[in-house]
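Whole structure, please, built from the sequences with the hints as guidance.
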Amino acid sequence: MLRISVKLTLVVVTLSLMIIVISSIYTRLMKSTQQNQIIYSTKNQNLISEIINNVITIKSFSGEELMLSKWEDSFRKQMEFEKKKAKYSAFLGNIPLTIQMIFPAIIYSFGSAYIHSNILSIGSLIAFNTLASFFLTPILSLSAAYSDVIIVKIYINKLLDILNSKKEEEGEEKLHITEGKISVSNLCYKFNHFSNNVLDHINFEINGGEKVAIVGKSGSGKSTLLKALCSIYVPDSGNIKIDDVDLGRISKSYYRGQIGVVLQESELFNASIKDNILFSRDISDAELVEIIQKSNIQDIIANSPIGIETMISESGVNISGGQRQRLTLARALVTKPKLLFMDEPTSSLDNSAEQAFINNIFSLVCTCIIISHRFYNIEQFDKIIVLDKGKVVGIGKHDYLMNTCAEYQLLYPQVKTYSVS
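Going by my numbering, the sequence shown wraps up at 421, each residue one higher than the last.
Any given hint could turn out to be false.
What the hints assert, rightly or not - Using 30 Å as the maximum straight-line C-alpha spacing, the simulated DSSO-like pairs for lysine-lysine come out as follows:
#1 K294 - K274
#2 K227 - K174
#3 K211 - K383
#4 K158 - K31
#5 K217 - K227
#6 K227 - K252
#7 K211 - K174
#8 K217 - K389
Keep in mind the hints are simulated off the structure, nothing from the lab.
Everything numeric in this text was worked out from a predicted model, so none of it was measured.
Shown next, in the form of structure tokens:
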């Protein structure tokens, strides 16, 4: 091109630089807009999911207009970035293609002046246009590819955030729990690097078969401690031993298959009562009947339209909170666990159902750890662990704690008020 015409070459180079600069500006604007569009799109989807899952609460407080307003605001912001994307794509994104389309006309317009001046021949101008087209085509392809790569990079980074998430460390030892003994030493846990310890140097021991209550004010770390014992949370320091074996060395899936867990969130699935109890585990009909009796759910089955085969709605919305809790207890007992962990298992039960529930727990041959703000017969527990601000402030039986632990003395009148009918 330089041999044919230096000036026309400068025109081609100028057009190429324009394409590069415009593509760079377009990519930078699209990157920022795309990132914001993804953020608001995610927020919008989360808000819709939140509204659907909490529709009863929203209706209870007549919050339909408020939630609609929040959704409209979120959707409007998402649409604003969608419009920006469309504008950038329609204007800046098409400029390189426009230059490509009018490129021959530009070359021939400049070249015609040189033909009239006898600087170039028609053949030389046509040859130059062909060479310039070959020069411009890869630049256009690279600029378009660069924009596409940057946009794809945004999605890849979002995907890598998930793929690079820290995997749950799986121990290798397949411990078969026999005694159900638990030993906790210097256990510390916090939700993130910058927060304070939720659990602060926790120490205690539980012998096999003991019935243990963990009590404390709201926010004292009771549920966090229970989830650490269930191997749901991994401690930041300290250790937990099950039958004298460090929990970190035990296969988590194998361990969880041997324990029973009833968490605060009594989650049920859109399946039959039987399927919700068994959870794809095989037991005999006699064992199922025994579990039904131990968890005191005979009345639920008897009052259901087609008994144990009755379908439960999504999230168990067609049964009461107390029934959900008893069904989740039945699910926890299927494996005949040597360790049974329960978080607020009686919060939705009436006094008589609570008494029957706790009496059934005391009849089980396993180590039971129960968290609750209200207990029937708390004096019967083998051990009571009192937590306050993430620390153990008292361990012992009821009479001992009443004489030695001020925090327990403050809690006990509340417990008596709610548990005695």
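Here is how each hint holds up against the structure:
1. K294 - K274: 15 Å, holds
2. K227 - K174: Distance ~20 Å between K227 and K174 Cα, so the pair holds.
3. K211 - K383: Between K211 and K383 the Cα gap is close to 7 Å, so the pair holds against 30 Å.
4. K158 - K31: 13 Å, holds
5. K217 - K227: 17 Å, holds
6. K227 - K252: Holds, because 13 Å separates the two Cα atoms, which is no more than 30 Å.
7. K211 - K174: Holds: K211 and K174 sit about 25 Å apart, inside 30 Å.
8. K217 - K389: 8 Å, holds
Hint check: no violations occur; every hint is consistent with the structure.
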